[in-house]
Structures are given as structure tokens and as C-alpha cells.
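Engineer: Given next are the chains, with one letter for each unit.
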Amino acid sequence: EAQVTQNPRYLITVTGKKLTVTCSQNMNHEYMSWYRQDPGLGLRQIYYSMNVEVTDKGDVPEGYKVSRKEKRNFPLILESPSPNQTSLYFCASAWASGGAYNEQFFGPGTRLTVL
Amino acid sequence: ILNVEQSPQSLHVQEGDSTNFTCSFPSSNFYALHWYRWETAKSPEALFVMTLNGDEKKKGRISATLNTKEGYSYLYIKGSQPEDSATYLCAFGSQGNLIFGKGTKLSVKP
Chain B
1 EAQVTQNPRY LITVTGKKLT VTCSQNMNHE YMSWYRQDPG LGLRQIYYSM NVEVTDKGDV
61 PEGYKVSRKE KRNFPLILES PSPNQTSLYF CASAWASGGA YNEQFFGPGT RLTVL
Chain S
1 ILNVEQSPQS LHVQEGDSTN FTCSFPSSNF YALHWYRWET AKSPEALFVM TLNGDEKKKG
61 RISATLNTKE GYSYLYIKGS QPEDSATYLC AFGSQGNLIF GKGTKLSVKP
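Line by line, the protein sequences are chains B and S. Quick note: the first sequence uses my numbering, first residue 1, plus one each step. Quick note: the second sequence uses my numbering, first residue 1, plus one each step.
Hints should not be assumed to be uniformly reliable.
Residues from chain B that keep clear of chain S, each with C-beta distances beyond 12 angstroms, as calculated [claimed, not checked]: (1) G16; (2) K17; (3) S24; (4) S33; (5) L41; (6) D56; (7) E62; (8) Y64; (9) E70; (10) K71; (11) N73; (12) P83; (13) T86; (14) V114.
Each computed DSS-like pair below joins lysine-lysine, with the alpha-carbon atoms no more than 30 angstroms apart [to be verified]: (15) K102(S) x K57(S); (16) K57(S) x K105(S); (17) K65(B) x K102(S); (18) K57(B) x K105(S); (19) K69(S) x K57(B).
Facing chain B, a subset of chain S residues (Cβ under 8 angstroms, in silico) [claimed, not checked]: (20) L89; (21) L98; (22) G103.
Just so you know, these hints were derived from the structure itself, not from any lab. Here a beta-carbon is modelled for each residue, glycine too, at the ideal position from N, C-alpha and C.
Sequences are here, hints too, so could you generate the full structure?
Structural biologist: Here it is, written out as C-alpha cells:
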């Protein structure tokens, strides 16, 4: 089954404790992206990747890191999480003859709470 | 900062009504306009991706139009059904950067 998976689905952590949210897709998509969803603010793009070893900042990259060492994986790293990073996070992937041209397939979401 | 505006914020209709929503976006550096449907407790699902001025796309009772010169897109739902209840998101694509509007929340009463 074609899908985007994220782990963990739920996480409660404390300020300053490094964490990684994994994202994996099995559709051989070139493009992958991370978003956060906050009430009243809509979906906002954190980072995106047009292909392996190519990453770019979205609209809200501060406090996050990403890497794209393999085509299928695009982990989101929070080196020192803070309470303002409490949010619902979505990973998405797409075919990239243009990246943003193509419909994105979203993962199930990760609910992160930073105390 | 690029801004994508959607209106109305919410809409309540009766089953069988037809409805439409608006998405306004910058008319410069345009690559694509996406529409997604997002049901509560699920993930967004793609409806359409449009790239050319004048594009019209249709999927069942749902259709969309695109005007890149004036920076707007319309989403139409003909004969709304309760299962159409969801938040409809549009997103402006400028190369890899995708900027979402805040969505229009549609509620369809039986």
C-alpha cells in the first residue's frame, strides 16, 4: 500500500530534550516536506526537500533541522525543543517534476507536546 | 511574506445545496495551486493541482477553476452531501515552497 508513515504518532517530552520524528514514504517520491498545524494559523511549512541531499527552509524553520540522506526518509529533528513547538506535525511527499506542482500525500500526523 | 486567503472561513449548508469557496493568492511567481480536503482526525487529501491560467478540473461533484492573472481560484461543490463536510484547503506553490490558506470549514446538514 502506498503510504507516508510517521513515528511516533504521539509524544510528550520536556524542554531541551532532543527528539526526532521520522517520516518514510514508499512511493519513490522525490519531494518531501514537513508542516506544523496550529489552531488559527493553518498548515505552515517547516522544511522541504526536492531530492536526496537537497533541503530548503519553508516559512517556519527556526528550531528545526532536517536531513535527506535517502530518498524514502526525511526525519525532523528538534535539537532543543521548547513549549512553542507544541503542535501537530505532518510529513508529506510528492512526485517532483516541479515538486510543488504535484499533489502531496500526507502522513497521519504526530502530536507533539513539549512541557 | 506571501499570503493565501480563503473565504468564507466556515459555511453551513443543507444537503443538496450547491456551494463555492474562494482562494486568493499572489499573482507573481506562480507555479501551482493545490486544493486539499481535510476531514477531522484525518490527514489532508489532494483534490486538484492546477498550473495553467484558465485550468478547470473536476472530480465527481467537485470542480475548481483557476485565474492566475488576477490571483484567485474557486472550488465548487454541486449538490452537497453530509460526507462533504470537511475543511477545504488551498495552497499556493512557488517551486518547492507551499503556502496554505487557513481553510474553509464546510458543514452539510442532512
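Engineer: Give a verdict on every hint.
Structural biologist: Here is how each hint holds up against the structure:
1. G16: G16(B) clear of chain S: closest Cβ-Cβ about 30 angstroms, beyond 12 angstroms.
2. K17: Fine: 27 angstroms to the nearest Cβ keeps K17(B) off the interface.
3. S24: Nearest chain S Cβ is 15 angstroms from S24(B), so the label holds.
4. S33: Violated: least Cβ distance 7 angstroms, not greater than 12 angstroms.
5. L41: The assertion about L41(B) is violated, with a minimum of 7 angstroms to chain S.
6. D56: violated (6 angstroms)
7. E62: holds (15 angstroms)
8. Y64: holds (15 angstroms)
9. E70: Its Cβ never comes within 12 angstroms of chain S, the nearest being 18 angstroms, so this holds.
10. K71: holds (15 angstroms)
11. N73: holds (18 angstroms)
12. P83: Since the minimum Cβ distance to chain S is about 23 angstroms, P83(B) lies beyond 12 angstroms and the statement holds.
13. T86: holds (18 angstroms)
14. V114: The claim stands: V114(B) keeps its Cβ more than 12 angstroms from every Cβ of chain S (closest is about 22 angstroms).
15. K102(S) x K57(S): Roughly 22 angstroms separates the two Cα atoms, so the pair holds.
16. K57(S) x K105(S): Holds. K57(S) to K105(S) sits at ~21 angstroms (cutoff 30 angstroms).
17. K65(B) x K102(S): Cα-Cα ~25 angstroms, so holds.
18. K57(B) x K105(S): holds (29 angstroms)
19. K69(S) x K57(B): Roughly 27 angstroms between the alpha carbons, so the hint for K69(S) and K57(B) holds.
20. L89: holds (7 angstroms)
21. L98: holds (5 angstroms)
22. G103: Check passed: Cβ of G103(S) comes within 6 angstroms of chain B, closer than 8 angstroms.
Checked against the numbered hints above, the structure breaks hints 4, 5, 6 and satisfies the rest.
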